[in-house]
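From first to last, the protein sequence lines stand for chains A and B.
Anchor point for the first sequence: position 122 equals 122 in the numbering used here, and the numbering is continuous, going up by one each time.
Anchor point for the second sequence: position 68 equals 68 in the numbering used here, and the numbering is continuous, going up by one each time.
A hint or two may mislead.
[Unchecked claim] No more than 30 Å apart at the CA atoms, straight line, and that leaves these computed lysine-lysine pairs for DSS-like: (1) B:K135 x A:K153; (2) B:K12 x A:K66; (3) B:K108 x A:K66; (4) B:K96 x B:K133; (5) A:K66 x B:K133; (6) B:K96 x A:K66; (7) A:K46 x B:K135.
Since the hints were derived computationally from the structure, they do not count as laboratory data.
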Amino acid sequence: MPPNSRPGDAVFANVERVNAELFTLTYGAIVRQLLTDFEEVDEVNKQLDTMGYNIGIRLIDDFLAKANITRCSDFRETAETIAKVGFKMFLGVTGSVANWNADGTECSLILDDNPLVDFVELPETCQGLYYCNILCGVIRGALEMVSMRTEVKFVKDILRGDDAYEMRLKLLEQVPEEYPYKDDD
Amino acid sequence: MASIYNLFVINKSGGLIFYKDYGSTGRLDTNDSLRLASLWHSMHAISIQLSPTLGCTGIEVLEADTFDLHCFQSLTGTKLFVASEPGAAGVTALLKTIYELYADYVLKNPFYEVEMPIRCELFELNLLQAIRKDKYSVGNR
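Given the sequences, and given the hints that come with them, work out the whole structure.
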């Protein structure tokens with residue numbers, strides 16, 4: 001049974017919070033600075049993803065330590081946990097999971113509400129920018145630490161005129177946890 | 001009083017990244033602590049393979065005559081373990097608290113390099129507080 005939204009609420013009540021505007025404005029400043037530094041929108045997308053990855057590989061332990069969840073039995077449960085507990089805990093919003101492919105290795109994480117973009121309007125010059133690309137990196141980094149190699153990318157972005165934020169989450173490989181690790185062979 | 005003798009943190013490759021004595025019993029020098037950590041890492045891995053229980057995640061408690069060894073492994077592969085006096089209560093809860101402190105004061109420190117030895121004063125300070133508090137509350141039970 002997929003977890004309902006309650007566990008996310010319980011964790012959210014217990015984590016420390018910061019002012020949403022401080023968070024939103026800080027993120028905005030980072031994106032602006034990256035645009036100044038790298039000039040190319042594609043490069044900024046890549047940098048945001050890398051920054052997110054570096055956050056994700058650390059944040060996963062915080063999530064596991066505080067969210068009171070146990071090992072997920074399959075990838076479906078993992079996706080549900082990210083959407084319902086993970087997003088709630090770190091972003092304060094609950095996402096949903098949809099559009100599974102037939103063999104259960106690929107799905108969409110959908111956010112209707114996203115605090116990162118509260119005051120954002122994309123100018124003409126930044127049309128290729130995935131403003132929230134950091135989220136993809138965070139998810140990829142976090143899942144890699146629990147033995148799942150994934151690919152995460154934005155396919156819909158309200159800032160670019162779509163009706164929701166949709167990230168496509170694709171499981172590439174489940175790295176076995178048992179010994180011996182492959183590289184010992 | 002539930003006394004913790006020492007605390008070890010080992011990374012997912014089995015390297016000792018943190019070691020600290022808490023008390024005068026069972027102190028180890030650097031070589032012995034490294035030896036014990038890598039030994040435990042291997043034993044833990046072997047125990048998973050040998051266990052008749054399906055889905056076993058490794059040794060959680062080892063009881064010896066002069067100490068108990070309690071181990072906690074996170075889903076990311078980091079292992080925390082403490083040696084405590086025999087029969088000490090509430091160590092599992094303490095390990096969970098220590099894991100939270102590790103997530104907060106080690107991993108959230110931007111200058112900490114992941115998987116490398118932990119040199120974070122805030123972590124040690126909060127650890128000491130948690131261990132003292134635990135000792136006190138268990139002593140009053």
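Do the hints match the structure? See the list:
{"no.": "1", "hint": "B:K135 x A:K153", "result": "violated (48 Å)"}
{"no.": "2", "hint": "B:K12 x A:K66", "result": "holds (20 Å)"}
{"no.": "3", "hint": "B:K108 x A:K66", "result": "holds (14 Å)"}
{"no.": "4", "hint": "B:K96 x B:K133", "result": "holds (14 Å)"}
{"no.": "5", "hint": "A:K66 x B:K133", "result": "holds (20 Å)"}
{"no.": "6", "hint": "B:K96 x A:K66", "result": "holds (9 Å)"}
{"no.": "7", "hint": "A:K46 x B:K135", "result": "violated (48 Å)"}
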